[in-house]
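J.: Residue strings, one per chain:
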Amino acid sequence: MTLTAGIDLGSSYTKVALVDEHGFIESTYMRKTGFHFADAAEESLRVALEQKDISRSDVDYIAGTGFGRYAAEISDLSITELTCHAYGTHRWLPEVRTVLDAGGQTVKALRIDEVGRVTAFRLNDKCAAGAGAFLQKTVEYLGYDITDIARLSENAQDPVTVSSVCTVFAESEIINHLAADRAVEDVCAGAVIALTGRAAQLVKRVKAEPPFGLTGGLASIKLLTDKLGEILGSPFAVPPDGLGAYAGAYGAALLAHQRLQKRTELVSA
Amino acid sequence: METQKVAIRPALSQAGNTRTMSRALIQNYWDELTESDATAKPVANTFVMGSMAEVLNTFDIPMSFPEVAALQTAVKGKSMEYLLAAEDLGHSPDICGYVKVDIGLHATGRNHPLGKYPKPGLVVASNMCNTYIKWAEILERQYNCPVFVLDLPGWRGTGFEYDSSSETFKNDVKYVEGQIRDLITLCEEVSGKKFDIDKLREILGDVNRMSELYRSILAMNKNKPAPFNALTEGINYMGIANILRGRPEGVQFMETVLSELEERVANNVGAVSDEHFRLLLVGVACYTNFKEFAGMFERWSGVFVASEYMSFAGGGIDRGVVYDLSRPIESLAEQILITAQPSMSGIFYSHEWQARVAEDYDIDGIVYHGVKSCRTVSAGLPDAREWLLNHENVPGLFIQSDLVDSRLWAEAQMRNRIDAFFESLESRRIQAGV
Amino acid sequence: MLVAGVDVGSTQTKAVVMTGDHEILGRGLCPTGARLAEAGQTAFNLALEESKFAEPDVSLVVGTGYGRFNIDFGDAQVTEISCHARGAVHLFPNTRSVLDIGGQDTKAIKVTADGQVVDFNMNDKCAAGTGRFLGAASDALELPLGELGPLAQTAKNPVKMTTTCTVFAESEILGWLAKGRRVEDVVMGVHQAIASRSVALLRRAGIEPEVTFTGGVTRNTAMVELISEMVGSEVNTNEESHYCGAIGAGLYALDQVLTGASAERGMP
Amino acid sequence: MEEELSQIIEECRTAVEDPEYPAVHEWLEANPEGKVLGHFQVYFPEEIAHAAGMLPLKMMGFDTTVQLREADAHIAAFVCSILRTSLEQALSGRLDFLSMYVTHPICDAARHLNGVWARQFPELNCQILYLPQNAASSHAPEYLRAEYRRIAGIIEEITGNPITDDSLRASIELFNENRRLLRELYQIKRETPWQVGLTDSYLLMAAAGAMPRERHNELLGRALSLIDARERNPQDKLRIVFEGGYCEQPPIEMLSMLQDVAYVVDDDFMIGLRWLLEDVPTSGDPVANLAVAYLENSSYSPVQRDPRKLKEDMLLKRIHESDAQAAIVAAPKMCEPGLEEQVAYDGALTEADIPHLIVEFEEKTTNFEQARMEIETFAESLMFDFV
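Residue numbers (the numbering used here), protein chains in the order written: chain A, 1 to 269; chain B, 1001 to 1434; chain C, 2001 to 2268; chain D, 3001 to 3387.
Do not take every clue at face value.
[As the list claims (entries may be wrong)] Computed cross-link-like contacts, BS3-like style, restricted to lysine-lysine with a CA-CA straight-line distance of at most 27 Å:
| # | chain 1 | residue 1 | chain 2 | residue 2 |
| --- | --- | --- | --- | --- |
| 1 | D | 3311 | B | 1119 |
| 2 | D | 3317 | A | 262 |
| 3 | B | 1199 | B | 1174 |
| 4 | B | 1193 | A | 207 |
| 5 | B | 1076 | A | 204 |
| 6 | B | 1116 | B | 1193 |
| 7 | B | 1119 | D | 3317 |
| 8 | D | 3317 | B | 1174 |
| 9 | B | 1119 | B | 1041 |
| 10 | D | 3311 | A | 207 |
| 11 | D | 3317 | A | 207 |
| 12 | B | 1199 | A | 207 |
| 13 | B | 1119 | A | 204 |
| 14 | A | 204 | B | 1078 |
| 15 | C | 2179 | A | 32 |
[To be verified] Pairwise CB distance ranges, derived in the manner of DEER restraints:
| # | chain 1 | residue 1 | chain 2 | residue 2 | range |
| --- | --- | --- | --- | --- | --- |
| 16 | D | 3183 | B | 1320 | 49 to 55 Å |
| 17 | B | 1174 | D | 3183 | 34 to 40 Å |
| 18 | D | 3325 | A | 38 | 33 to 39 Å |
| 19 | C | 2113 | B | 1390 | 53 to 59 Å |
| 20 | C | 2055 | A | 38 | 25 to 31 Å |
| 21 | D | 3183 | A | 77 | 46 to 52 Å |
| 22 | B | 1038 | D | 3317 | 30 to 36 Å |
| 23 | A | 240 | C | 2160 | 55 to 61 Å |
No lab work stands behind these hints, which were simulated from the structure alone. Nothing here was measured: the structure is a model prediction, and the numbers come from that model. Where a beta carbon is used, it is the ideal one built from N, C-alpha and C, also for glycine.
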């Protein structure tokens, strides 16, 4: 069998997927990236291999993707996370034509064609309370952590409105809501809804067509998924068994197989 | 939270006339547009600065002002849905919000809260705001309607006064007069009517009269207490001055306003109860949160006795339009050029104008409100503020939000700056031993 | 006779209890957190504890800062701009310019000899260059705020941060690290960005010596040095600077007790 | 040979990128009595200044080499980088050598520059040149001729040198030569893009606005023959058009990133330098010729209204004439006119079925991660074969 590795060096997390020629995932591993991308790549690959005692020499090709893709000397090829994300999601959810990736630093909307090629994409305007980090700061401010968002937001009675576009001022709106003694759940839900609205805007801006797919860390927040489906009039499918976070790594590994094939073709030719 | 002090205006026999009248006039304006749309009568999309109302009215071509429409959606709390509709079409968060609200209105069935928003049969855009021209091109693409760009060369020097005896001026007049004649030909085509110079003459007469009244209205606020709030009431006066420029109803309205204000002065009634601070507004207001915005000043008994907006956004009508009815077209060209200046070079050199107003109206401080939507008004404010403070010792507050984009409204920050400004004005009084 | 000033800022709440002759008997400091009223009370209590007096002994409390309207035990409110000005001149009588780098607002204030505000400038409609920017750096680098200053001082070759927007900051910081730049050089870059942005605000009204630097960031020696450098003269700070807003509030409280003049400036 | 070429490019880079304006100071040393005229983007008839012996200098922005210290105190937020950095240059004293400053109200933010400069530098002669916004009007040429004459009059006062028809004709010839060389450079980009990289071609072109034209003609003439003589092999790269550099310029680092992923076969960088498409005739009234050339025989930009030059049509024309496969439609952050074209461009390109990417850039940035990712993704989507 041929085996490829996809290493997604995200700004906060590094994810690895080992994939065989049939697209079957042999092993996955995720850890915080830290500041040394090269180490993060090496380390994660090593652990991913050890987990299934695969030896390094069995890996035929490595594709790096994500923010730190250039720092990962071990990879044979670097591809952007957008291309990888789209392709990975496409292989899990072939019918999906629009992918929303809601991560910590950025939210991305991608339109893809029937072979998983990116035909249009849009990233959140940085000057907007657009990404997961905003939610994280909010819950931390409320005295909870990221894992509580889903629960808190679902128990909201009367969500607050957060209108400010700047994260920092959005935070101060949140402070003001708390000062006005609004319930923690309502404030949290308000933040989720604000973020959902912006994410939905991104999706509209790539002239999205359903079926929709949702990947990235925020995919686990039910309120967000529901609201998105509600605003855009069609539900959002998520990748199988919580693999959403690995879409980039998986896509990279799959594209690595394609390069590998092309290379062998060239050699034999 | 602390209780807000909001000024109460005592009842007067005249009181409310202006308000009811302006409401009615604005509704008429919308009814006219709604009807024109129903009967497919060609409507001119034109802009408040350099509207060429004189020519358009001569051909009875109804005028639709997108800025007025956009402003009203914000006051009605509807601007965001139109604005977002435009952004969904791909328009940037960083362009003028008025433009986006307009695009949104056109993209969502042209249903304005106050009436039907008509298709443009003709677009007239002057260069008094560069964005007008881009805006016109957007409409041109959507409706492929005729677009007329009136190019008004601004004053070239670095002063505020327009030298109308110069060679440059004569050359500009030739250029503008030629363009006006082109516009007249275009209007003949659009309206199917022949040009009637006597009707133009009549209209010019009405504008002369309206301008005279408008100036007296502004001057009323030299009284203490100031009879009207240039922020909250002034916006109505200016709105009517724009939509009814060159129409008799407009003249009547200004007469009513003036008499109401005269009565307020006679009864020593101020726009805010116990006027404490007299302010000049430079820039435009924030219409998405208009009440809160105005309230933040009123709770300190601060009244806007003057507003630069009432000058430049009135297309210079405050500078005294005096058309020579014996030579209408030539005079129109000359006067447009001269009165355009407050909205052109005037904005860029407005520190001189501000200094004069601060003097004439006995201003305590200037509020500079910059908006992301309007770089024409906002870009130079910090520099003007600095000049007024250092050369004229007139204190200024610099704040920013937007006309129609509530995402740029940050209440806590806004309030904090405004409260601090009033505290500093009070400090100055203590200093002066007042 | 005692008065108190309580400054409920967006990140920290500070309180002082002072005597009629301006002697500070107690100081209180706590994170503001989500419950502003509680934070105000906590800081006030801490100050009372240190002062060895009880709440009834305090004849007047003036609140300032973002949460000033939430201090239910406060008798009046004054903005932190007026309070920092007043406090700065109290701490350093020759002060003519005041700089406070706050959590959400950076304030550059021009003052008179008796602490009245002549002019002030704050960050534009954008939180660029505020103290929150340091927070973003500490998040991105996973370093406690307190360690940033000392770390910055070890920098050999600081990076040029091009954004002062806190939202951009984290990705730019990571960008520099991805390019292999040293952490201390990045941290110094962050400090320089905030300092030059803050000094630009001072310039808007014209920098008039002496310049007094107030607020929590004064404990960051790297920032103090940078600002002195950019201003072109040593800026005033001392251990009280952190409480400057609260001290100013206390002084306004005193005015009201002594003269009966409403501490809320100009509120008719 | 490569060495000589890289020396030429270095001289151009210094002229364009060094915030101390070495090329200008060099000229001033050689011409102690010489006067410099600074003109803000997009177009200025430099021939008129040259004819009076003035050195016309195109105001450019700067990347992180210029730190904003003063500028933000004079201009509101929400405006682009080039306004800030060019103002910063003036406030920091680096432009003290200017005897005249001219702006054309290209956009609502730039309209304020003249006022700010006038307040800050009362001694400097600040002028607004009103180029017609009703360019198709039959009255425009006559108006513009008179407007050019007005500017000429002021220049004559400042320099004390009369601008005769003959001196102006001579200058027009010099600039015609420069335009010819620039056209040649762009022909190479279109026909054999592998012969010259994007950053090099950019620096060679942009330097025209930052050094005496005589010198630039020399350098560019020599550079072109050296580039011609190169024997490079074409690579398997996308052919793209870059649109959006008519005023603020993308940072060099972004250009080198672009040249890694594609051949930029045409663009609108510094379009003002290439605004006049053909030689300006020297017979007859030279001032009138310049005016007519500006109106009748010129390129396009988002800041000129001319119904005869609908921008999306012009962009498609540029793409077809350069035989490009795709387009990058960019706008500087906060650039209202640029941003306002994007939806129209997007629509026209989609209709014409031309793959395109819409990006934002900012001169003052070192952080290209996002732009890089967007551009690479765009390239990947066109070059990868997906199955």
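J.: Against this structure, judge whether each hint is valid.
T.: Hints and how they fare:
1. D:3311 - B:1119: Given that 27 Å is the threshold and the Cα spacing comes to 23 Å, the pair holds.
2. D:3317 - A:262: 37 Å, violated
3. B:1199 - B:1174: 23 Å, holds
4. B:1193 - A:207: 44 Å, violated
5. B:1076 - A:204: 25 Å, holds
6. B:1116 - B:1193: 25 Å, holds
7. B:1119 - D:3317: Since the Cα atoms of residue 1119 of chain B and residue 3317 of chain D sit roughly 30 Å apart, the hinted pair is violated (cutoff 27 Å).
8. D:3317 - B:1174: It is violated: about 35 Å lies between the C-alpha atoms, which goes past 27 Å.
9. B:1119 - B:1041: Given pair residue 1119 of chain B, residue 1041 of chain B holds - Cα atoms ~10 Å apart, limit 27 Å.
10. D:3311 - A:207: 23 Å, holds
11. D:3317 - A:207: Measuring from Cα to Cα gives roughly 26 Å; hence the hint holds.
12. B:1199 - A:207: 50 Å, violated
13. B:1119 - A:204: 25 Å, holds
14. A:204 - B:1078: The given pair, whose Cα atoms are some 20 Å apart, holds under the 27 Å limit.
15. C:2179 - A:32: 18 Å, holds
16. D:3183 - B:1320: 49 to 55 Å: Distance hint for residue 3183 of chain D, residue 1320 of chain B holds at roughly 52 Å.
17. B:1174 - D:3183: 34 to 40 Å: Given range 34 to 40 Å: holds, Cβ gap about 35 Å.
18. D:3325 - A:38: 33 to 39 Å: Given range 33 to 39 Å: holds, Cβ gap about 35 Å.
19. C:2113 - B:1390: 53 to 59 Å: Taking Cβ atoms as reference, residue 2113 of chain C and residue 1390 of chain B lie about 19 Å apart, which means the hint is violated.
20. C:2055 - A:38: 25 to 31 Å: Since the Cβ atoms of residue 2055 of chain C and residue 38 of chain A sit about 59 Å apart, the hinted range of 25 to 31 Å is violated.
21. D:3183 - A:77: 46 to 52 Å: Roughly 40 Å apart at Cβ, these two residues miss the hinted range, so it is violated.
22. B:1038 - D:3317: 30 to 36 Å: 41 Å, violated
23. A:240 - C:2160: 55 to 61 Å: 45 Å, violated
Hint check: violations occur at hints 2, 4, 7, 8, 12, 19, 20, 21, 22 and 23; the rest are consistent with the structure.
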